[in-house]
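S.K.: One letter stands for each residue in the lines below.
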Amino acid sequence: MAFKIIEGCVNCWACLPLCPSEAIREALPHFMIDARACTECEGDFADPQCASICPIEGVILDGLGVPVNPPGSLTGIPPDRWAEIRTQIQAR
Amino acid sequence: MELKVIADAAGAPGGGCASSGCGAGGDKLAHLPEAIRAKINNHPCFSEDAHHHYARMHVAVAPACNIQCHYCNRKYDCSNESRPGVVSEVLTPEQAVKKVIAVAAAIPQMTVLGIAGPGDPLANPQRTLETFRQLSENAPDIKLCVSTNGLALPGLVDEICKHNIEHVTITINCVDPDVGAKIYPWIFWNNRRVTGRKAAEILIEQQQKGLEMLVARGVLVKVNSVLIPGVNAEHLKEVSRVVKAKGAFLHNVMPLIAEPEHGTFYGMMGQRGPTNEELSALQDACAGDMAMMRHCRQCRADAVGMLGEDRGDEFTLDKIAEQDVDYAAAMARRAEVHAAIEASRTAQRRQSSETFVSIAALTRRRPARPEPRPVLMAVATMGGGVINQHFGHAREFLVYEASTNDVRFIGHRKVDLYCSGDETCGDGESVLAKTIRVLDGCEVVLCSRIGYEPWGQLEAAGIVPNGEHAMEPIEDAVAAVYREMDEAGLLDRPDGAMHRMSA
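Here the protein sequences line up with chains U and B, keeping their order.
Residue numbering for the first sequence follows this note's numbering, beginning at 1 and increasing consecutively.
Residue numbering for the second sequence follows this note's numbering, beginning at 1 and increasing consecutively.
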């Protein structure tokens with residue numbers, strides 16, 4: 001099983017030096033996880049390191065393709081608030 | 001009774017302050033040892049007087065962060081935005097050093113290089129420290145500063161001291177974990193994401209420990225706090241007291257910037273920023289405790305130039321790629337420019353003491369009069385400590401309060417509030433209307449020149465434009481206009497600006 005970084009990653013570098021397997025590499029448009037190298041930090045840490053420091057919701061998926069940090073979990077902003085604000089800004 | 005402006009000038013030692021505006025307000029820095037005053041004499045971010053003359057730059061080498069703040073959105077990047085945490089491109093240490101050298105050669109007034117993000121510099125220790133290492137080796141005439149949230153600070157204090165960093169800024173928004181839990185949703189600590197009150201508790205402990213360690217090693221520490229109405233406003237008085245007791249030499253209370261379009265928690269949830277009045281009142285309340293600064297511009301993490309201006313566009317990587325700077329020659333030229341600036345500052349101080357006529361002397365002639373009320377005046381300046389900017393070109397105004405006792409720098413007002421974008425991201429309000437709105441509370445605006453149309457509209461809004469003091473030192477001009485208003489009997493009634501003052 002391996003984690004995956006998807007679109008939305010802001011390339012902030014926070015995860016890269018933490019990875020015990022050196023599975024993360026700098027890439028464009030966003031950083032990548034080498035699925036063959038990723039161990040999900042098993043045996044090294046209680047929590048997967050990349051997903052524990054990542055500041056962006058929804059951009060790291062676990063082995064089942066489920067976001068480790070779902071919308072609202074890191075910022076505290078309720079997901080439907082985004083749609084509401086977008087409508088308000090467009091109405092100006 | 002004499003103005004403090006002058007009393008200071010007479011007694012100011014070399015490198016000290018002459019004006020009420022110096023540092024965090026003239027004599028408010030007088031308690032500092034001479035060694036510290038010398039260190040901040042040409043530091044635009046630490047000395048209000050210096051910010052008229054010297055420039056600073058930030059290099060964005062530190063993208064990673066180890067905490068989340070509710071006023072920050074890590075996704076945001078807009079070239080039209082100007083606020084902390086926003087940058088256009090992240091640099092490697094090598095690119096950053098090349099950029100610093102290019103800027104130092106092109107803008108000799110640049111005395112200070114800071115690393116302030118866009119993440120937390122100490123959450124990127126290799127990149128941050130490598131940049132400092134190369135700079136202290138290759139450009140020894142540039143002062144190095146770092147700004148941090150403090151979480152990783154205790155573990156890196158020794159490293160920081162190795163690289164000859166004289167100034168560190170720690171952002172401390174609270175000393176009470178219950179307050180902190182409303183500001184920080186999480187921190188990354190000991191290989192785990194920690195949330196809630198526990199997160200704030202750890203962060204506060206590390207910040208305080210880091211502050212104590214730096215002070216013990218003789219590093220100058222400034223504390224930044226973000227004023228968040230309803231969250232930490234009252235609490236910041238306690239923060240001010242605590243950090244002063246531990247040896248921070250400046251406390252900088254900054255207003256929260258929170259708009260829905262910034263995508264931050266506070267912006268999205270409708271948390272408002274403080275009004276100008278609330279900010280001033282809190283700064284006054286904390287000033288009783290310690291030196292406060294009011295000229296902070298809350299720069300981008302890649303800002304270049306004088307405070308309030310950003311010349312980053314002139315030094316993008318592609319533009320500096322071809323440059324090969326002879327830094328020894330640049331350093332000689334920089335020393336000349338700095339000497340000329342110091343000579344001009346000294347001359348300004350001398351001129352101030354020669355031209356000054358006490359306001360109190362005027363008021364004494366009419367003892368039956370009530371005390372003249374204080375007046376807020378806005379000033380358009382491009383630097384140098386003089387009134388030298390056309391009204392229409394000003395992107396920001398410095399606000400001074402004149403009273404019978406002194407001329408005091410209050411703060412700055414931005415015309416294009418944090419955004420200089422085109423119509424598509426503005427609200428369609430004309431620049432002039434916006435300018436008049438941000439000058440609310442000011443009764444006079446001093447500038448080098450002003451057009452006919454804005455003149456009329458300003459007058460209609462109750463703000464008197466004045467172009468008669470072009471090229472004069474700011475505080476002398478403000479004092480002169482205040483005297484004229486007093487002589488004209490405009491200051492007798494306790495009404496006017498104070499009652500109109502709002503956000």
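Because the hints were derived from the structure by calculation, they are not lab data.
No residue lacks a Cβ here, since even glycine has one placed at the ideal position from N, Cα and C.
Check before you lean on any hint, since a few could be wrong.
[Stated by the list, open to error] For each label pair, taking beta carbons as the anchor points, the in silico distance ranges come out as:
| id | chain 1 | residue 1 | chain 2 | residue 2 | range |
| --- | --- | --- | --- | --- | --- |
| 1 | U | A37 | B | V325 | 49 to 57 Å |
| 2 | U | R86 | B | K162 | 45 to 53 Å |
| 3 | B | E89 | U | P78 | 26 to 34 Å |
| 4 | U | A35 | B | H393 | 38 to 46 Å |
| 5 | B | E259 | U | G8 | 17 to 25 Å |
[Stated by the list, open to error] Covered stretches of chain B, as calculated for chain U (at least 3 residues, CB under 8 Å):
| id | region |
| --- | --- |
| 6 | 117-126 |
| 7 | 167-175 |
S.K.: Broken hints, numbered, in rising order?
M.R.: 1, 4 and 7
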